[in-house]
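Peer 1: Combine both chains into one complex, guided by the hints.
Spelled out, the chains give:
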Amino acid sequence: MRGPDYVLEKVASWVERANADSELILRDGSSWKLKPGTKVYEAQRDVIAGAIRRNADLFVSGNKSIGRVDQLTGSRALAVQEVSSKEANGRYRVVFYGPPSIYHLRTDRPWTGGALSLLQRSATSGAFLDSPDLLVAIDPVTSEIVAVKALDSTNPGLSR
Amino acid sequence: MNGPQDQQQASQGQAGKSALQHQQEAIKENFSSAPAASPVISCPKGALTEQQAQERFDKFKSREDIPWDYPQDCCYNRAHVMAKELEAEGVEVGKVWNYAPPPSTGNALCVQTPHDPSGYVEWSYHVAPTVPVMDSKGKISRMVIDPSITKCPITPDQWKAIQGEPRSELVSTSAAPYYRSESGRVAPTPTDNEVKGIFDLHRERRKELLSEWNASR
Numbered sequence: 000m001r002g003p004d005y006v007l008e009k010v011a012s013w014v015e016r017a018n019a020d021s022e023l024i025l026r027d028g029s030s031w032k033l034k035p036g037t038k039v040y041e042a043q044r045d046v047i048a049g050a051i052r053r054n055a056d057l058f059v060s061g062n063k064s065i066g067r068v069d070q071l072t073g074s075r076a077l078a079v080q081e082v083s084s085k086e087a088n089g090r091y092r093v094v095f096y097g098p099p100s101i102y103h104l105r106t107d108r109p110w111t112g113g114a115l116s117l118l119q120r121s122a123t124s125g126a127f128l129d130s131p132d133l134l135v136a137i138d139p140v141t142s143e144i145v146a147v148k149a150l151d152s153t154n155p156g157l158s159r
Numbered sequence: 000m001n002g003p004q005d006q007q008q009a010s011q012g013q014a015g016k017s018a019l020q021h022q023q024e025a026i027k028e029n030f031s032s033a034p035a036a037s038p039v040i041s042c043p044k045g046a047l048t049e050q051q052a053q054e055r056f057d058k059f060k061s062r063e064d065i066p067w068d069y070p071q072d073c074c075y076n077r078a079h080v081m082a083k084e085l086e087a088e089g090v091e092v093g094k095v096w097n098y099a100p101p102p103s104t105g106n107a108l109c110v111q112t113p114h115d116p117s118g119y120v121e122w123s124y125h126v127a128p129t130v131p132v133m134d135s136k137g138k139i140s141r142m143v144i145d146p147s148i149t150k151c152p153i154t155p156d157q158w159k160a161i162q163g164e165p166r167s168e169l170v171s172t173s174a175a176p177y178y179r180s181e182s183g184r185v186a187p188t189p190t191d192n193e194v195k196g197i198f199d200l201h202r203e204r205r206k207e208l209l210s211e212w213n214a215s216r
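As given, the protein sequences belong to chains R and W, one line each in that order. Residue numbering for the first sequence follows numbering that gives the first Met the number 0, beginning at 0 and increasing consecutively. Residue numbering for the second sequence follows numbering that gives the first Met the number 0, beginning at 0 and increasing consecutively.
Isolated chain W, as found in the complex (with noise of 0.2 angstroms):
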């Protein structure tokens, strides 16, 4: 059985083997192992996805600290404590800001809302913390989290046409940013005390603005 012929059976099996395996390691190099049609694709690090973005937005919206109904002040507060915790799980966190142009040139920014005697709330600026969010496709763009005007998160551009004035200019910065100007004068990060304080005290603004309300009508 170890005659010629079998030595050269044995040597083109092993030609044969080795070209196989040679292939395999060429595909394994140059394609990923995961199933062809696989719809995972893995969000990358300090993104989030539209799912868990939308996560992220429903659970600030439920938290009842967060006065989100008090659309005449706060947003840096909110903007802020939004934006730590976010930064905390890890996500790449950065805020943008919409500051309304001046007199001269243009008008305040103006948004409807229910939770105003006028039915409306002007403001020189508004800012929300934005998050990096994977599409299905993989596309990452930034989004704007703001549960005090909006539902769900959506892009800067959205969120600044929802604010009505097509002259007002977006500025996007890192999360640190505690409040900035329209000059970019910025101040100091208050501490976990002085912005729970905040909340607290708008809270109780909202409380009387309510109770002046009823009251008047």
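The shape of chain R in the complex, shown without the other chains (with noise of 0.2 angstroms):
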């Protein structure tokens, strides 16, 4: 993930086109190229299409001065269940209601204070699996929350 640009957003539009880069453009107005053709877009276009599916946000890091993409990851309405309270090898310990797995959070990243702070309040609201309050992104490979959002009623998500 190279960014220097990461947005978690709604899908405004999705253009697929024969024989040039597909479009993808989310709300906040960035626009994304893909190219078609690749093990790699395939799961691309799925994402997209589960989040158009969903109305859900989708996380793109990138470049979106010229459109390029290094990772697109869809998202999950979610509610904290512990952080950790001390940083242990540049990470924050994340664990959620619901998915079992141990998530992180980098200590070295640029959403680093806002992301710990939704996390340790969403850790002490209340919410639950059925009553989420954060809309979460999160790198399959490697378990990195990449992206934290409040949700309000007006952006509910996707829960569990």
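No lab work stands behind these hints: they were computed from the structure. Possibly wrong hints are sitting among the right ones.
Label pairs and their in silico Cβ distance ranges [claimed, not checked]:
1) S171(W) <-> E41(R): 38 to 44 angstroms
2) P101(W) <-> R120(R): 18 to 24 angstroms
3) A214(W) <-> S12(R): 22 to 28 angstroms
4) S116(R) <-> T48(W): 51 to 57 angstroms
5) Q157(W) <-> S30(R): 51 to 57 angstroms
6) R166(W) <-> N88(R): 19 to 25 angstroms
7) R184(W) <-> R120(R): 17 to 23 angstroms
Non-contacting residues of chain R with respect to chain W, defined by C-beta distances greater than 10 angstroms in every case (computed) [claimed, not checked]:
8) G2
9) I24
10) P35
11) V39
12) E86
13) P99
14) P109
15) T111
16) L115
17) L128
18) D151
Predicted model, so just to flag it, every value in this text is computed and none were measured. Glycine included, every Cβ here is placed at the ideal spot set by N, Cα and C.
Peer 2: This is the structure we're talking about:
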């Protein structure tokens, strides 16, 4: 994940074209190009289709100015069970209600401060599996939390 | 032919027959009519034989809608679906939950898997359904049905041992809790459509993981 831009937003439009790059536009206005014909593209297309179907936010990392995508992943509505009080090896340990896996928040990301604050607030908010208060994007390969946003009634996300 | 001797013989015959009948009735009353060395022991209602348990296990494992190769998540949804289907067959289903100790006193649960880039997954908890299984000697034990990490039904203690943290806590419940936190807080059971949607989401996540993983190799 190289950035320098990181966006967590709903899909505004998704256009696949014959013999050309496909174009993904998010609601923040950012426009991203995806090259068809690769296995990664097939998976990205499924993730985009799933986000559109569920009206869920997508996380995109890349360079907005040229539309280059280096990572694209879905998001989930979650509630935090526990955040470690101290970082260890440059990471905070995070456990959500529902998913059994242990996730982590790196201390060297531009979003670390804001994300940590939201995660800690969720852990004491009383939110639960059936009443999540955060929208979270997680790198499926590294289990790193790459984006966190507060959920509100206008942005219910997808629970579980 | 109907002299006193004949009458005496008839009387003795009746008395003899009556004693024999009495013995037969006593035998019927006290012993099973099944052959003495019969290997067939009837399985109590709600329990499964070892063979039936393995058949159920294999049937679940072959289901393509259930993402068995996504150990990062989904155990609660898989357990719910298996439990519900076993219950519909009349099996007395329960669930067993394994909770990792707090980080200050122990480690996360850890299971080796070929389905994660790191070669293992770390969990704060894990859940699977349990069923009563009768062995060949007629003894009934609770066994865990968990095709995500085992190849056959195993005991809860064996299941716990696979997860690598001796200080973890096993909690047995009825089949009812869809999700139960370590503190005992329970989430409502989702609808069948929501359960299906969760499988869809997790299959999608698995595909995304495999794609990203392949791209990074």
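Peer 1: Find the hints from earlier in the document that the structure breaks and name them by number, from lowest to highest.
Peer 2: 11, 13 and 17
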